[in-house]
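Student: So the chains spell out like this:
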Amino acid sequence: MSFLPFAVAAWLLLVGLYGVVTSRHLVHLILCLGIVQASTYLLLLAIGYLHAGRAPIFVGITVGTPAVDPVVQALTLTDVVVEATVSALLLAIALQVDRRFGTVDPDAIRELRG
Amino acid sequence: MTTPLLGLVLAVPMLGAALLAGTQPLRRRLLAEAIALAAAAGATVLCGLVLRLAIRRGELVYWFGGWRPHHGVAVGIAFAVDPLGAGLATFSGLLTIAALVFAWRHFDSVGHAFPALVLVFMAALIGFCLSGDLFDMFVFFELMTVVAIALTAYRSDQRSPLQGALNFGICNAIGGFLVLFGIALLYGRTGALNLAQIGVALRGAPHHGGALVVVAFGLIASGFFVKAAIIPFHFWLADAYTSAPTPVCILFAGVMSEMGLYGLARVYWTVFAGPLGADAGTIRPMLVVIGSVTALGGGVMCVLQHLPKRLLAFATIGSMGLFLIGFGLLDAGALAGVAVYVVADGLVKAGLFVCVGILQHRRADAGSLRVRGLGRGLRFTGLLFAVGALGMTATPGFGTFLGRSLIETAASSRPGYGWVPYVMSGAEVLIGGSVLAAWARIFLGWGPDDGDERAGESAEEGDELEVTSERTPAVLFVPALMLVAGGIATGVLPGVGRLAVSAAARFIDTAGYAGAVLGGHVAAVHPPRPAGPSIEEILVGLGLTGLTALFGLGVVAPRRLPFGPPAVRTFSRGVARRLHELHSGHPGDDVAWLVTGAAVVCGALVLALG
Amino acid sequence: MRTWLFLVAAAVLAAVLVDGLAGLPSFGHFHGVDGLTLDHVTVRQRHATDVITAINFDYRGLDTMGEEFILFASSVGLVVLLREQRSDRRQDARDGPAPPGGDARDPLLALVGRWGVAPIIVLGIYIVTHGQLTPGGGFQGGVILASALITLLVTSGGRGPRTIGRHGALEALEALGAGGYVAIGVAGIIAGLQFLSNFLPLGTAGALLSSGTITSLSTVVGLEVAGAIALIVAEFVEQGADSGTAR
Numbered sequence: 001m002s003f004l005p006f007a008v009a010a011w012l013l014l015v016g017l018y019g020v021v022t023s024r025h026l027v028h029l030i031l032c033l034g035i036v037q038a039s040t041y042l043l044l045l046a047i048g049y050l051h052a053g054r055a056p057i058f059v060g061i062t063v064g065t066p067a068v069d070p071v072v073q074a075l076t077l078t079d080v081v082v083e084a085t086v087s088a089l090l091l092a093i094a095l096q097v098d099r100r101f102g103t104v105d106p107d108a109i110r111e112l113r114g
Numbered sequence: 115m116t117t118p119l120l121g122l123v124l125a126v127p128m129l130g131a132a133l134l135a136g137t138q139p140l141r142r143r144l145l146a147e148a149i150a151l152a153a154a155a156g157a158t159v160l161c162g163l164v165l166r167l168a169i170r171r172g173e174l175v176y177w178f179g180g181w182r183p184h185h186g187v188a189v190g191i192a193f194a195v196d197p198l199g200a201g202l203a204t205f206s207g208l209l210t211i212a213a214l215v216f217a218w219r220h221f222d223s224v225g226h227a228f229p230a231l232v233l234v235f236m237a238a239l240i241g242f243c244l245s246g247d248l249f250d251m252f253v254f255f256e257l258m259t260v261v262a263i264a265l266t267a268y269r270s271d272q273r274s275p276l277q278g279a280l281n282f283g284i285c286n287a288i289g290g291f292l293v294l295f296g297i298a299l300l301y302g303r304t305g306a307l308n309l310a311q312i313g314v315a316l317r318g319a320p321h322h323g324g325a326l327v328v329v330a331f332g333l334i335a336s337g338f339f340v341k342a343a344i345i346p347f348h349f350w351l352a353d354a355y356t357s358a359p360t361p362v363c364i365l366f367a368g369v370m371s372e373m374g375l376y377g378l379a380r381v382y383w384t385v386f387a388g389p390l391g392a393d394a395g396t397i398r399p400m401l402v403v404i405g406s407v408t409a410l411g412g413g414v415m416c417v418l419q420h421l422p423k424r425l426l427a428f429a430t431i432g433s434m435g436l437f438l439i440g441f442g443l444l445d446a447g448a449l450a451g452v453a454v455y456v457v458a459d460g461l462v463k464a465g466l467f468v469c470v471g472i473l474q475h476r477r478a479d480a481g482s483l484r485v486r487g488l489g490r491g492l493r494f495t496g497l498l499f500a501v502g503a504l505g506m507t508a509t510p511g512f513g514t515f516l517g518r519s520l521i522e523t524a525a526s527s528r529p530g531y532g533w534v535p536y537v538m539s540g541a542e543v544l545i546g547g548s549v550l551a552a553w554a555r556i557f558l559g560w561g562p563d564d565g566d567e568r569a570g571e572s573a574e575e576g577d578e579l580e581v582t583s584e585r586t587p588a589v590l591f592v593p594a595l596m597l598v599a600g601g602i603a604t605g606v607l608p609g610v611g612r613l614a615v616s617a618a619a620r621f622i623d624t625a626g627y628a629g630a631v632l633g634g635h636v637a638a639v640h641p642p643r644p645a646g647p648s649i650e651e652i653l654v655g656l657g658l659t660g661l662t663a664l665f666g667l668g669v670v671a672p673r674r675l676p677f678g679p680p681a682v683r684t685f686s687r688g689v690a691r692r693l694h695e696l697h698s699g700h701p702g703d704d705v706a707w708l709v710t711g712a713a714v715v716c717g718a719l720v721l722a723l724g
Numbered sequence: 725m726r727t728w729l730f731l732v733a734a735a736v737l738a739a740v741l742v743d744g745l746a747g748l749p750s751f752g753h754f755h756g757v758d759g760l761t762l763d764h765v766t767v768r769q770r771h772a773t774d775v776i777t778a779i780n781f782d783y784r785g786l787d788t789m790g791e792e793f794i795l796f797a798s799s800v801g802l803v804v805l806l807r808e809q810r811s812d813r814r815q816d817a818r819d820g821p822a823p824p825g826g827d828a829r830d831p832l833l834a835l836v837g838r839w840g841v842a843p844i845i846v847l848g849i850y851i852v853t854h855g856q857l858t859p860g861g862g863f864q865g866g867v868i869l870a871s872a873l874i875t876l877l878v879t880s881g882g883r884g885p886r887t888i889g890r891h892g893a894l895e896a897l898e899a900l901g902a903g904g905y906v907a908i909g910v911a912g913i914i915a916g917l918q919f920l921s922n923f924l925p926l927g928t929a930g931a932l933l934s935s936g937t938i939t940s941l942s943t944v945v946g947l948e949v950a951g952a953i954a955l956i957v958a959e960f961v962e963q964g965a966d967s968g969t970a971r
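Chains as they are written, first to last, in my numbering: chain A, 1 to 114; chain B, 115 to 724; chain C, 725 to 971.
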């Protein structure tokens with residue numbers, strides 16, 4: 001049972017990649033990329049978890065009370081911003097692809113080859 | 115040990131970028147160019163000063179926010195700078211200046227966004243080179259990727275940049291996630307993000323830390339291999355580098371791909387060399403074989419290319435294979451060779467890209483398939499291109515030759531790796547020959563008519579250009595000249611080899627690095643004195659260049675030589691078509707190969723070391 | 725077929741990942757030295773009760789600067805990417821149907837636009853400025869502030885992004901935020917310390933004006949994020965407005 005969160009993270013990574021590989025719609029592809037992103041958040045946060053640990057916010061709580069790892073939470077915050085921006089850019093490209101190619105099916109976008 | 119220069123080296127390009135974005139409503143092109151060049155030049159000068167200091171003191175450590183480590187625990191982020199890192203950062207700065215100067219005339223309206231993005235890219239490159247913190251490196255890695263996506267798709271009114279940027283973004287994002295997975299594993303084991311601290315925590319663990327450390331290494335390697343376009347993680351690169359604006363290609367091919375390998379090398383020698391050092395004998399052949407496949411594969415793909423930018427893209431892949439071979443030998447001498455080779459190759463390739471840009475500038479047709487004879491009449495450009503092509507073939511006199519000979523010396527002195535020089539030479543013949551063939555095709559008009567030779571290639575759309583002019587402006591020609599000259603300078607200036615070997619010796623000193631970062635004392639390093647290339651090596655090098663020229667002749671004008679029975683020709687055409695189809699430009703294909711590569715790398719490591 | 729290739733590769737990778745993940749400390753029993761140290765010292769060293777914000781804006785402030793510039797680069801790039809289109813689409817869009825955002829005379833939307841925006845802005849400012857005390861900070865608050873701008877955009881009906889000012893204003897806001905972060909960092913050097921050192925007075929833990937530069941950096945990031953996110957959304961909405969008439 002204690003391995004479950006990590007297993008779910010690995011599962012999300014692979015399922016997301018499956019979605020990217022088999023996608024027939026660019027927006028769907030980028031959303032699947034988002035699932036892969038989510039796997040990294042889950043992994044980081046699961047690593048930092050402490051049973052019976054509080055949030056690392058010490059308002060009215062004495063310092064020294066067991067708290068979960070704050071570093072992974074800060075990393076996840078950074079991670080979320082990074083990956084939201086990548087998605088935004090890729091979606092903009094998808095929008096342009098729709099205009100220039102008339103389709104968002106990756107199979108139909110064959111401008112560059114060889 | 116510490117210097118405020120390191121605090122400013124990121125601030126200058128970033129402030130420049132913010133200033134450019136903020137002054138956008140003013141829409142003054144001259145102002146934009148001035149700010150951009152000032153920021154780029156300023157940052158490069160700072161990096162150069164840092165380099166000088168790093169050479170003198172060995173290792174510079176700068177703790178941001180003043181958070182020095184206590185009892186080996188580092189909660190802050192540090193820049194840990196050795197000569198190799200500082201050298202690469204300075205090199206990035208020089209290429210950025212070249213790219214900005216080139217872009218000035220290449221685009222007819224640059225706006226504020228382009229130089230702002232280039233400055234942020236420069237900051238990412240510098241930060242990546244100098245950082246001593248694993249997650250910080252990841253942040254700069256992602257910054258590089260995001261800016262590169264935007265720069266690749268800059269001409270978004272055309273189709274191929276969109277496809278190139280899409281594949282680039284998807285593959286490099288996945289590469290970043292793989293690296294992050296590895297970082298998370300390492301954090302879970304050690305509770306640290308500082309490279310030195312992780313290395314110390316993992317050092318001396320029984321059974322090299324178990325499968326976790328091995329898997330983390332595999333994932334981080336795979337992620338960096340995507341950036342470095344190692345086969346089979348490479349399928350995104352050709353599309354992206356072909357369709358990106360040419361000034362941007364200077365940065366991509368000259369230094370961004372190489373950052374992938376730099377990242378792996380840095381992480382290996384600070385974190386993994388401790389637990390996995392005893393298994394170097396197992397890891398070494400894996401890396402060298404992957405590098406060889408990439409070098410030869412890139413070379414073969416080069417032969418099949420006619421479009422100059424696509425050819426240079428595959429040449430980049432081939433070069434990355436050679437660099438990986440050098441790194442994979444896990445040896446100071448080879449690493450020194452890689453350092454010299456990277457700089458020289460980057461300079462020469464940048465010069466070749468500028469030549470292509472001049473071609474586009476003078477001839478409106480440069481994006482079409484009809485490149486044959488396009489450059490006829492551009493004599494100086496043709497001469498520069500030819501010299502650059504010689505640089506790509508590692509002709510004696512160029513820094514590429516010096517780098518190659520250092521790597522080959524290291525390989526030959528290691529039992530069981532005597533075959534490496536042959537592979538390297540083979541790849542160089544393929545790559546260099548293709549570039550020479552392209553020179554003959556473009557500037558001399560040789561070669562058969564456009565026809566069945568090009569299965570599967572499609573047209574590259576032109577960049578946004580000024581109207582074709584009668585003379586090549588100096589602002590385009592001078593950078594090309596200086597870049598190619600730089601490639602020669604790295605080969606003939608005295609002391610380059612010695613400096614590289616000493617820098618490499620410090621780079622691989624895991625314990626010394628940890629001592630400097632966590633303890634504050636810089637150990638002395640005693641590198642071996644490298645012998646310069648011997649007369650024998652120079653003669654062999656010249657012979658290889660001759661062989662390359664012959665091969666190039668065979669590529670460009672197969673009917674002028676006895677080519678072989680028709681069966682051979684049909685077979686090779688079939689192979690060529692299969693290879694072209696493999697590079698389909700479909701993101702799903704690219705990712706499928708990427709995952710396969712990751713599975714192979716991680717699986718092999720776990721089987722061999724787990 | 726690429727799916728088969730992928731499935732085989734994914735199976736191998738799954739086995740590898742499980743092997744690696746098994747080496748982690750079991751879930752809930754993590755005692756990472758960096759995290760433990762920070763949980764113990766942050767309140768004393770920085771007078772900040774939210775350790776995560778302190779990490780983001782002080783201990784690991786350089787990461788946040790990089791992250792801020794990722795957002796900056798993404799929005800600048802996106803504007804360039806999508807702006808190419810506007811000129812060649814405007815011609816066709818002139819007689820098209822109304823852009824999304826609905827009819828400006830819809831009473832509910834007008835109500836939300838008039839009365840709903842101010843509370844969102846107040847909430848955003850609260851989150852940004854209390855980052856060092858309670859969960860929140862520049863990024864979270866910035867997104868809330870951006871959503872206020874976006875609400876204005878969506879409820880203003882036919883007038884579209886011109887309601888929130890030309891994009892130049894948003895870009896300037898963003899540049900101010902990005903440059904401001906670096907400037908505060910440089911101020912640390914001028915104060916005789918390192919880049920991004922916390923050189924302002926630390927105040928008392930739990931008070932609004934505490935923990936030195938953490939508050940200033942958080943504010944600056946809030947501005948940048950608000951500008952960037954609003955810009956990104958505005959660009960997308962505008963593209964939707966234009967393409968609603970195409971084909």
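A couple of the hints might just be wrong.
As the list claims (entries may be wrong) - Quick list of the computed label-pair ranges, beta carbon to beta carbon: (1) A/62 to C/917: 25 to 33 Å; (2) C/749 to B/143: 39 to 47 Å; (3) B/145 to A/27: 54 to 62 Å; (4) A/8 to B/652: 21 to 29 Å; (5) A/31 to B/645: 34 to 42 Å; (6) A/52 to B/321: 26 to 34 Å; (7) B/686 to C/749: 20 to 28 Å.
What the hints assert, rightly or not - Residues on chain C that point at chain B, a partial pick, calculated with CB under 7 Å: (8) 804; (9) 896; (10) 934.
Simulated from the structure, these hints should not be mistaken for lab results.
Computed from a prediction, not measured in an experiment: that's the story for all the values here.
Just so it is clear, CB atoms sit at the ideal spot from N, CA and C, and this is done for glycine as well.
Student: Tell me the hint numbers this structure goes against, listed in increasing order.
Tutor: Checked against the structure, the hints that fail are numbers 2, 3, 4, 5, 7 and 10, while the rest are satisfied.
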